[in-house]
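Asker: The listed protein sequences derive, respectively, from chains A and B. Here the working numbering runs 89 ahead of the position in the first sequence, where the first position is 1. Here the working numbering runs 54 ahead of the position in the second sequence, where the first position is 1.
It is possible that part of the hints are untrue.
What the hints assert, rightly or not - On the chain A side, residues computed to face chain B include the following (Cβ under 10 Å):
no., residue
1, Pro279
2, Arg285
3, Arg326
Said to hold, decoys possible - Keeping only pairs whose Cα atoms sit at most 30 Å apart, straight-line, the calculated DSBU-like set for lysine-lysine is:
no., chain 1, residue 1, chain 2, residue 2
4, A, Lys333, A, Lys309
5, B, Lys115, A, Lys292
6, B, Lys115, A, Lys338
7, B, Lys343, A, Lys203
8, A, Lys233, A, Lys203
9, B, Lys115, A, Lys333
Since the hints were derived computationally from the structure, they do not count as laboratory data. Virtual Cβ for every residue (Gly too), placed ideally from N, Cα, C.
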Amino acid sequence: MNRLRYQGNTLIAPQRDERGQLLYPYLPSAELVEAVNLAILLERPLFLKGEPGCGKTQLARAVAYELGLNYEAWYVKSTSRARDGLYTYDAIGRLRDAQLAASGIQDGSTERAKNPTAYVRFEELGRAFLNEKRTVLLIDEIDKADIDFPNDLLRELDEQRFKVEETAEEYQAKHPPIVFITSNDEKDLPDAFLRRCLFHHLKFPSRERLIEILNVRFQKASPEIMEKALARFLKLRQDMELDKGAAGKKVSTSELIDWFKALSHETEEEVLKKLEGQLPHPHVLLKTVEDRDRYLEEG
Amino acid sequence: MNEMPLLNLFTQLREVGLLLGIEEYEAVLRAIDAGYGVADQEALARLCQMLWVKSEDDQRKFDYYFELLVVPPQPTQIVSPPVRVPPISRQRFPWKYLAIGLLAGVITVGGGFAVKEILRKIPTPEQTSQPTLSPSPTNLFPGLINANQPFRPLQIREVLVVIAGVASSAGLVVGIVWLLQSITDRWVQEGQSRPRIATKTPEFALASESTQLADDQPQTEQIVLQASVGESRINHRRVSALDEFFPVTRRQMQQSWRYLRNLTTQGTMTEVNVPATVNQIGRQGIFLKPVLVLRQTNRTQLLILLDQGGSMMPFQALSSRLVETARRSRRLGEVSAFHFHNCPTDLSDQNSAQRLVESLDTILGRLGSRRIVILIFSDAGAARGQFNLNRIDQTEEFLIKVRQRVRYVSWLNPMPRQRWVGTTAAEIAYLVPMFEMNRQGLNRAIAVLQGQPIASEGRR
Numbered sequence: 090m091n092r093l094r095y096q097g098n099t100l101i102a103p104q105r106d107e108r109g110q111l112l113y114p115y116l117p118s119a120e121l122v123e124a125v126n127l128a129i130l131l132e133r134p135l136f137l138k139g140e141p142g143c144g145k146t147q148l149a150r151a152v153a154y155e156l157g158l159n160y161e162a163w164y165v166k167s168t169s170r171a172r173d174g175l176y177t178y179d180a181i182g183r184l185r186d187a188q189l190a191a192s193g194i195q196d197g198s199t200e201r202a203k204n205p206t207a208y209v210r211f212e213e214l215g216r217a218f219l220n221e222k223r224t225v226l227l228i229d230e231i232d233k234a235d236i237d238f239p240n241d242l243l244r245e246l247d248e249q250r251f252k253v254e255e256t257a258e259e260y261q262a263k264h265p266p267i268v269f270i271t272s273n274d275e276k277d278l279p280d281a282f283l284r285r286c287l288f289h290h291l292k293f294p295s296r297e298r299l300i301e302i303l304n305v306r307f308q309k310a311s312p313e314i315m316e317k318a319l320a321r322f323l324k325l326r327q328d329m330e331l332d333k334g335a336a337g338k339k340v341s342t343s344e345l346i347d348w349f350k351a352l353s354h355e356t357e358e359e360v361l362k363k364l365e366g367q368l369p370h371p372h373v374l375l376k377t378v379e380d381r382d383r384y385l386e387e388g
Numbered sequence: 055m056n057e058m059p060l061l062n063l064f065t066q067l068r069e070v071g072l073l074l075g076i077e078e079y080e081a082v083l084r085a086i087d088a089g090y091g092v093a094d095q096e097a098l099a100r101l102c103q104m105l106w107v108k109s110e111d112d113q114r115k116f117d118y119y120f121e122l123l124v125v126p127p128q129p130t131q132i133v134s135p136p137v138r139v140p141p142i143s144r145q146r147f148p149w150k151y152l153a154i155g156l157l158a159g160v161i162t163v164g165g166g167f168a169v170k171e172i173l174r175k176i177p178t179p180e181q182t183s184q185p186t187l188s189p190s191p192t193n194l195f196p197g198l199i200n201a202n203q204p205f206r207p208l209q210i211r212e213v214l215v216v217i218a219g220v221a222s223s224a225g226l227v228v229g230i231v232w233l234l235q236s237i238t239d240r241w242v243q244e245g246q247s248r249p250r251i252a253t254k255t256p257e258f259a260l261a262s263e264s265t266q267l268a269d270d271q272p273q274t275e276q277i278v279l280q281a282s283v284g285e286s287r288i289n290h291r292r293v294s295a296l297d298e299f300f301p302v303t304r305r306q307m308q309q310s311w312r313y314l315r316n317l318t319t320q321g322t323m324t325e326v327n328v329p330a331t332v333n334q335i336g337r338q339g340i341f342l343k344p345v346l347v348l349r350q351t352n353r354t355q356l357l358i359l360l361d362q363g364g365s366m367m368p369f370q371a372l373s374s375r376l377v378e379t380a381r382r383s384r385r386l387g388e389v390s391a392f393h394f395h396n397c398p399t400d401l402s403d404q405n406s407a408q409r410l411v412e413s414l415d416t417i418l419g420r421l422g423s424r425r426i427v428i429l430i431f432s433d434a435g436a437a438r439g440q441f442n443l444n445r446i447d448q449t450e451e452f453l454i455k456v457r458q459r460v461r462y463v464s465w466l467n468p469m470p471r472q473r474w475v476g477t478t479a480a481e482i483a484y485l486v487p488m489f490e491m492n493r494q495g496l497n498r499a500i501a502v503l504q505g506q507p508i509a510s511e512g513r514r
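With these hints in hand, go ahead and build the complete structure from the sequences.
Answerer: As structure tokens, then:
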């Protein structure tokens, strides 16, 4: 099981996964591939940080697809509690069934109500533990939840098992899931939690890699347009870097893809003409009034 | 044990405050065993970073100690197995040079004779002929150039040429001897090389294999022992090694803010109160509908008033951290911060560009809630050791006014308690609960804002 090895190059063209969702090729850096394989080997969660839109969330699905594993995504909300990821217990449903049974209606509710485990519904993390197939689990934006949230997950992730309080049943993971955790760095995470994770910071891709990324997504686009558009994009990013520093919001890879998609709907001559003048489709790249004022005028 | 740069690095990083346990060390060893981080030093650094480094601050420390402890490439301390595997190929190196040296010797001897021949015919051509004849020896075998050097002064040429010839043939002989020696060395080594490499690398074989081999148990224990011996030192040093401003770290502030809450229910009824529902069924005999309750939220409105400028200059970073951590703590309903100078009468908004001066009444009016609490952060004259009656009066007046609108006020003082004595601060500490800015003080100040009756630290 440990011999699973992620290469990062299986998918070369967009494809639909078994759920029918379109899956685009993911081009990881060599370091990222190493980090993923290390996480698989050591059975520790891989904690991914990086600016928004750099592909943190996409990685897990790409890994699951390449390794042919099951995929579960747990999108953390500000109200999420650690238990929500493991299971939910339908206490009301059981009560309803008990009432129905008491009132003498025979529709199977009597049997159901006697069996407390019937009301346990496993959620993403719980399903990842109990799946017959090894699972890639994404815990997305863990920093959105409460400050204690990551610590509450420690035991489950460490020991790979959990207990359903309502039925007092313990479940042991069949296969250790490959866990990816992403964070937008909105909140600091507890040390005890960080200690157990592998840490990887996703960097903005190099120019060559950006070209590769565009190439796999837009296979029909002409190299000239791609070259020019990318030059324009990188110039904008460079300007933003100079103005805002490392911490500011800069145009990201995902925005580049959206922008290029917008461009690719027009004819070649139109695009080339537009790229010479004012920044085309600014609403894809510039998200604040200040950005608009500053970078649109310059173009 | 001193030959274990990785363990040294690990222990050192622990001492400077990285939160690492033995498991993290073992994880690196396991990864090395599986072939990660062994290609070169960079790969090793990447591996260790992935497992040990969790923040930018950690990264700086890691870079420094990695450079210090691991990078010096001493053959016995080389870290990763593949770097260690090529020692044989590394020993091959001198042979190559020796071969070149031999070639150079031959060329030089040949060159010497050629020079001799030329010198017989032309009076002083050797300065031009020499460089053309021995360009490769100059680069490849410096020892021979020195032998050639005395050519230049133009003395008894014949003798020098002979000396050059002799020197180069001596070089040749030495070269042959070296060659023979290294060949025999290699023969001997090849017989022993594998066990030797293994004995040199116990630290890597060790923990990675310790999971499988019971024989290695003692060594693992040793590591654990050594690391835990270090523990007692670590706790003392960690404090000074943190580059965060010491009295209260960011994380501690966040933890403290969590205690400041005034939970109330608001919004739509979304949560089912299961015990209450069951109780209701018990009373009514039939389940009619679940008992829904409102979700609890924290409605505390925190108003932080920060003294700025003058004697408070050194504490600017601390005060902005105080505000930042409070704002980042999602448990607090609303956090606003205002600045003042010396006495909290004229307040200015930290964020507004105009630095609009507002009176407290307008601010409180705008917040318009009865759950406001105020935390004041100021040295109250303790930093300069002043006693200012006017300031006391103004502050008292301010506090009286505030208390008509706000339930709880507490004061944090960045100066140590001992320094309050005899200053305005000591007097103000009688008017309002005042605490020293440290973890305990912050917790107490927050407890006061929660409504607990705690007296100022300054009082005796």
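Asker: Indicate, hint by hint, whether the structure satisfies it.
Answerer: Hints, verified against the model:
1. For Pro279 (chain A), the shortest C-beta to C-beta distance to chain B is roughly 8 Å, which falls under 10 Å, so the interface hint holds.
2. With a cut of 10 Å, the hint placing Arg285 (chain A) at the interface with chain B holds, because the nearest CB-to-CB distance is about 8 Å.
3. Given the 10 Å rule on beta carbons, the hint for Arg326 (chain A) is violated: about 21 Å separates it from the nearest Cβ of chain B.
4. For the hint pairing Lys333 (chain A) with Lys309 (chain A), the CA-to-CA distance comes to about 35 Å; that exceeds 30 Å, so the pair is violated.
5. Taking the CA atoms of Lys115 (chain B) and Lys292 (chain A), the gap is about 20 Å. The hint holds against a cut of 30 Å.
6. In summary, the hint linking Lys115 (chain B) to Lys338 (chain A) is supported, as the alpha carbons are separated by about 27 Å, within the 30 Å threshold.
7. Using a Cα cut-off of 30 Å, the hinted pair Lys343 (chain B) and Lys203 (chain A) holds, with the two alpha carbons roughly 21 Å apart.
8. Our distance criterion of 30 Å between C-alpha atoms is broken by Lys233 (chain A) and Lys203 (chain A), whose separation comes to about 38 Å.
9. A hinted pair counts as satisfied when its Cα atoms are at most 30 Å apart, and Lys115 (chain B) with Lys333 (chain A) qualifies at roughly 26 Å.
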